[in-house]
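Colleague: Given the coordinates of chain A, work out where chain B should sit on it, guided by the hints.
So the protein lines, in turn, are chains A and B.
Every number in the working numbering is 25 more than the matching position in the first sequence, counting from 1.
Every number in the working numbering is 103 more than the matching position in the second sequence, counting from 1.
Simulated from the structure, these hints should not be mistaken for lab results.
Some hints could be false.
[Unchecked claim] If the Cβ cut is set under 8 Å, some of the chain A residues that face chain B in the computed set are:
#1 E35
#2 F36
#3 F39
#4 P42
#5 E44
#6 K45
#7 E46
#8 T50
#9 D106
#10 V274
#11 T279
#12 L324
#13 T325
#14 P329
Glycine residues also receive a C-beta, built at the ideal position from the N, C-alpha and C atoms.
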Amino acid sequence: MTDFRPEVAEFKKFSAPFEKEEQSTSKIMTHVVVGLLPSLLLSGIIFGGSALLLTGFCILTAIFWEWLSGMILKRPKSTDDLSAVVTGMVFAFMLPANFPFWKAAVGTFMAIVVFKQLFGGLGKNILNPAAASRLACWFIFRNSFIYPEPVVNSADVQSTGTLSLVSMADSYGDMFIGRVAGGLGEVSVLALLTGAFYLLAMRVISLYEPAAFLGTIFVFSYLTGQDGIYQILAGGTVLAAFFLGGDSVTTPITWKGKLAFGVLAGAITCVLRFYTHVPQAVLIAILVCDLLTPVIDRLTENKPRC
Amino acid sequence: MKIFGIFLDREKNTENGLTIALPTPERVAVPLPKDGTAEVRAGQWVLTGSRLCGGSLPAHASVSGKVEEIKEFDTDDGSFTAVVIKADENQKDAAVRVPRADDRESFINAVRESGCPAAEKISAAADADMLIVNGVESEQYVTSENRCMLDDGKLITAGIALISRLMGIEKTVIAVASDCEEAIDAMEKTAADAPKCEVVKVRPDHPAGADMVLVNNVAGRPIKANETAAEKKVMILLPSEVAFIASYFETGMPFIKRRVTVDGDLVKTPCVVEAPIGTPLKDLFAFADGNLLPAEKLVIGGLMTGRCVTDPELPLGKCDSAALIFMKPLESGGKGSLKVVGGQTNCIRCGRCAKACPAGLMPMRIEKAVKKRKRTELRRLRPDLCIGCGSCTYVCPAKRELKDAVDKAKTILDRKGGDEE
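Extracted from the complex, chain A is given alone in its bound form (with noise of 0.2 Å):
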């Protein structure tokens, strides 16, 4: 194939700086899926060939709801830049391996649609959109939570049934390497920290919200007599500190920002885990954050050098 050269030069008025960094929105969300995919192969391995059905079906799901609402509503096209690929994996990260197929294309299409798209499309949405699309399905869709046992189990594990967090039986090594009841990707803190590593060297997350958040929920725990690793180690807090969190849409822009945004969801969290019988606590506590943060942002702003 020849290039095209024009004959004639055709000089435009560009505006300085002429040069930009190769660094773009779909790489950054290319990062992130990246990141992710560790969990997703422990989550092969534990729930079986479902989990990774599950999740590919989300992913796909979420692809057409984004290109969808983009042809309805009239937007330029927005599935390049993977933010949906994002959505759907965390989504399906949260769901239990079993979890029927429609009912995970409803929660894709609140995700997208309802969270993201009606709020004005990527970057303007002020919830999570899988964080919120989970929460809502969790109401909707009750009784389909059911966490199976994974197929890999220690044989002297009671079968529970119920999230690892309930039933207080697992041991801390089963718990990091993802051998508990919960969802896909929510299991194995061992994948998770693995996936966020590479995003740290990538410089797509800070250590500021996931260490602020997972100290917080330490620190709270021990103060208040309860176990702190068991409360990291359960529930999805690994995924909830580096995923939902580090999602930068959604959270403060400066790092003292960032602080107080995982300060403030450790506390929610371990509050409503042991004061109250709200479930999905780390759910809320993110969204809850999620609402304050332009109040955060406000507070938290850099001070220009005058």
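Modeller: Quick look at chain B alone, frame taken from chain A:
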């Protein structure tokens, strides 16, 4: 606290080339300062170095020959007058007077007479006690100051001695980016001969060569974004300006030529040329085997802070360190071409622009406030403190034109009135 910038892919293709003197161009158009009126008429003969106009910064004929016309150039950024001189065959120098300077006043006046842009910096920082020779070229492609440091070490020594004697400078620092090893070696030699002078290596990031960053990081004097280097008693000059001042006080030949980097993906042999002021850009590109036909982008100065022009007939100005030409980016992107890297998306609030801003601004909030025309919010965000380094637009993964928004915010704040909602 040091100010850290961003790292650029600097593509210094001309780093190892020598300075080549440009053959006398057919005709030059010497730009005149805004407040100067031409002292020559069309048809008059001028010699190299003879004065063309008065005003705050006089202009001099950069070639000898016949004045063809006094031409008005119209560009998108405003118009200027230039004296077009058709060069003759035997270039003759005018009888120039070697200037004398015994004190501050006469020195500033002498430098002003030479037409060197350093005059304004020197007179602004007349009571400075520190001189920083700014050898940091943080932008892509630009290498003319680097070349000057390698070629004119002796002149820089003489210039530093002269300036510090006459301006009462107590300490001189030559700032060089830490990855320009040859320049550092050359400057070490220069500094050894000059009085109270040392070489400081600075982090090779952008905008390490900006006045504010130099005063803060090299001079170690904390500076606010709304203060100038002169207020902090620091004089900042480029190596080429220091070298020129030394040569001016030796020979008396005014500021009529400068080094300029000619580069870009359409230029076959990128080089640093020494060109007369007023050389049309197309002559520079012709000398460097530049192909103007598929060109789309013509940049004078660095890629981050330079200006984009649309006419290759425009003359080279006194402060233009580089002439760069680029073709329309190909979808695949060849080496060195400015690639298309994905389209613009909404701001994803990643905070890279705020982290990159040396003045501590928040460009993404300024952009949003501009869109909503919120003047009260803009007043708080202080877009007027922007030093124009362009880092915010460079790092933005959503490809938003943040620097444009900040510039627009400045004009909105300059206008009177309340919120326009």
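Colleague: All the hints need checking, so say for each whether the structure fits it.
Modeller: Hint check results:
no. : hint : result
1   : E35  : holds (6 Å)
2   : F36  : holds (4 Å)
3   : F39  : holds (5 Å)
4   : P42  : holds (3 Å)
5   : E44  : holds (5 Å)
6   : K45  : holds (6 Å)
7   : E46  : holds (5 Å)
8   : T50  : holds (5 Å)
9   : D106 : holds (5 Å)
10  : V274 : holds (5 Å)
11  : T279 : holds (7 Å)
12  : L324 : violated (13 Å)
13  : T325 : violated (11 Å)
14  : P329 : holds (4 Å)
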